[in-house]
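Please build the complex by placing chains B and C on the supplied structure of chain A, with the hints as guidance.
Those protein sequences? They're chains A, B and C, same order as listed. When we follow the numbering used here, the leftmost residue of the first sequence carries the number 1, and every step to the right adds one. When we follow the numbering used here, the leftmost residue of the second sequence carries the number 1, and every step to the right adds one. When we follow the numbering used here, the leftmost residue of the third sequence carries the number 1, and every step to the right adds one.
To be clear, the hints were calculated from the coordinates, so they are not data collected in a lab. The reader is advised that the hints may include incorrect statements.
Derived DEER-like restraints, expressed as beta-carbon distance ranges [to be verified]:
#1 C:167 x B:93: 42 to 48 Å
#2 B:162 x C:168: 56 to 62 Å
#3 C:4 x A:196: 20 to 26 Å
#4 C:135 x A:395: 20 to 26 Å
#5 B:287 x C:163: 37 to 43 Å
Positions of the beta carbon are idealized from the N, C-alpha and C atoms, including for glycine.
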Amino acid sequence: MLSRVLAVLLITTAGVALAQEPVQIGVITSITGRFAEFGEQHQAGVQIALEDVNAAGGINGAPVEVIWEDDTSEVNAAIAAAERLVNRGVPLVMGAYSSSITNPIAQYFTRQERPFLVFTSSDDAITRPGSDWIFRINQPSFAYAEVLFNVFDQLNAEHGDGYLETIVTIHGNGAFETAVADAVDEIAADRGYTVLDRQDYDQSGADFRPILNRFSGLDADVVFMVSYAADSVALARQIQEVGLDAKVFAGGAAGFALPNFIEGSGPAADYVYTATMWTQEVPYPGAEELNTRLTEVLGRTPSYHAAQAYAGIITAVDVLSRAESFEPADVQAALESTDMPDTVYGHIAFEDYQGYQNQARLPAVAQQVQDGEFVTVYVSGQVVNPMLETPVWDDR
Amino acid sequence: MTYLRLGLVAIAGLAWFIFLPDYRTLGINLMLLAGWATAWDLLGGWSGQTSLGHAAFVGLGAYTIAVTSTRWDLAPWWGALLAMALAAALALLWGKLTFRLRGSYFVLASIAVAEILRLVAINERQLTGGAIGLFIFDLKEPFGLDLFDRGVEFWVALGYLGLVLVVAAFVTRGRLGYQMRAVREDEPSAEAAGINPEAVKLWAFAISGGLTALGGCLYGIVLSALQPQPLFEIHLSVRIALVAIIGGRGTLFGPLVGAALITVAAELFRNVFAEANLLIYGALIVVVVLFAPSGMLGELQRWMVRRRYARSAQG
Amino acid sequence: MEGLAPLLQNITGGLLIGGIYALIGVGLSLIFGVMRVINFAHGEFVAIGMYLAIALFADLGLDPYVSLLIALPAGLVAGWLIQRVVLARLIDAPGDSTLLVTLGLSLVIANALFLLFGAEPKSIYLPYATATVDVAGIRLPVAQLIAGAITVGVITLLWLVLNRTEIGRAVRATAQNRLGAELVGVNTRQVHALVFGLGMALAMAAGVILAPLLFAIPTVGSSYTLKAFVVTVLGGLGSVPGAIGGGLLLGVVEFLGASYLSSGYRDAYGLFAFLLVLLFRPQGLFGRETKRV
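If we strip away everything but chain A, and leave its shape as in the complex, we get:
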């Protein structure tokens, strides 16, 4: 109780009495541990976003600063960090990378009745059913499968119905990969595709040949793959080795959209379709410029997670600028009325739809690897570049 009172006092003094005191935003992410790669992307996005918002006057004249909390890629550290940020009276907290970490923190914020902004975890369950206190900018896992099915529909329209009918799915047994594979089943049933086989693998096993051998007897039109970075490369290479042919190879997860997928797989990556959440070619203002700046900060090509972190900070700053006070209820109200039509991540507004609550409704992007490069082929219902037919392995 005492801590609550202190926290409220802190908020009021910070927000009202001393306008020049910096406003703090809490960011929980994995700076160390097995997800550190993504924490690095987040740090780059946040750094650039802070430069931008502080150059533009911060929050009503007060500078913005970020309190980093490293969850060391572990859930215990994350919920302890969440508690600390709440008790410190930080008006808005964002996080985290892995859904298995974000889910428990989201439960905590809901119980504490504090607003929580998710910017990169994509497990459907975070906002479906969700709660009044949880807001998510990034696309949920369903979107990863959906955009690729849009591509399949498009290909059927180009080549005539019946071009693509059957699907085989291979996915890792983590929460995210399973959720995407579930979405594949769901959408396939909806749109008249048949899933012939679905196989998962334990994260430690990186030899996919037996599963691929099994698939090669099924002659499916589409091979749908959901896996993280290390596995995506092994999959692409082994598909080539096994000589598994299909009309479409689709990668519905981050692993296939990272630059090291192409570096690691070489020509085996060609013609693979990938779902991604943001690229420099998205039709939003400033996307190319942001990509250039992120590349400078990181020293390599950024992944979409960096852009999501950027979007998270600018959204948080917009919300806190509009909030009547930094009381949780006021911040929540400001989050609900968010409407940012022209951000670099698209139109950010939190809606309730298809069972989701407080979920920004943003389209995913489909790319195809063409001649060793990611080419954006499909954005928001538009084919923006031609999609190439996948030749059989013997002709490559």
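Just chains B and C now, with coordinates in the frame of chain A:
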């Protein structure tokens, strides 16, 4: 002496609650780890059977609470009782199968059993929700206590730790405790003295597993979003065992000392050394085994005994 | 999947990956056979090999199969040092102290790799490595064929060392009876250090071979440690030929299981076999007598 120390633990808990309100989750984590390690020590320290599979009991406890409260609408205390019963049954079966293996073989078997249970939790979606897991949305409130409140959880965790310590004290001082030590030191001689080593080890394992699962129940409520990976993974088993060993195997308060040391150190290193926190964790274990094989508390006790002898010899 | 060709494809695939499992398992089994130590850091030694090959490839452009010539002696020296500095203190220590120390070492190594190389997955892309050769309708990946050949070579080398040299005689003597070996003048302390070095060299060699096949992340080691345990227990802990058989068997079982049954429980097949063998044939599938169990 023991009751005095138990009282000190209670006072330390109270002080933590009052003076460190920002660190209640850390305190809960510490007490849960201490409880698990103390329970582990009944088998690993007092009976000499090192298990690297105790995460299976934590996962079992957490999942039992989740399944009973969300699917069957059972109150959490019934869920906790069921979890303990299931854990004891699992321990009996597990022990019956693998107690004939000695030393390293038993360790390897414990890893295999826990890994198989992890794969079951991932693959049996009907029961466990599979990889996506289970959520605990609401719980019946015993005596009007909101079990989702961190303050309440803190007291429950302190109560859990106290219970485990009292049970451990009771068991290790009683007949079973002497039999456990006899089996640990020399199994054939113990058998010659009329002790049934298998029965003794099975009792120790059942109590150890049941108490670990009880902590798992609370852990499930604290997380309220359960997934197989963090709950069943070998890292949790390893952490439970190492904490007890660093603190001192076969001592009542050693595992608690180890848990406090490791939890606080990990929290400090997280901020100070950031990236190297697990590196230091590993290094600490190497140092303890090399230079303080009885663990922190064990070495302290040995040193005190030696000093007492030295003094009486002089006097 | 009809006919004989797919089955043969699966069996050859299993044998090829099993060869690498064997290489990892042989080192673990050798260490156990001589030192009675379960080495929990064995998978991390494999990871060190992977990262060594990756670093040499990235910085010097060295082909991973050439860097094998560096990895083998480096592993020998590093293992020798670890044994002399750390494990030698524990030879007469009670129970599972050495097991715990190697567990600590595994944490230290995984995190040191993380500090040095970052969490990003790393691999080596060799254009010739994804090529395949067609033999009677069976596709054989070139990289795996090379890996298989190297495995055979390294294991033959080990066999020669153990069976055709004076050092090998000392090693075998220590394994059979440490005290007896000491009485006839074998310096068992040196033997222990040498064996640990050999085990580490074999694990690192496996890592180097795996680098162009798979991806490396700093925590990759723990899954190889588990695989190595399964392999050695299947073949009988402490038995070098057993580990080879166990490795090949695990490879084939995993392949057939995942291909014809469900893949979700793939790792469980190995673990079940592991438990059954532990309980009912602790001397391993190929062992004849029960010793020291």
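Earlier hints that do not hold, by number = No hint contradicted; all consistent.
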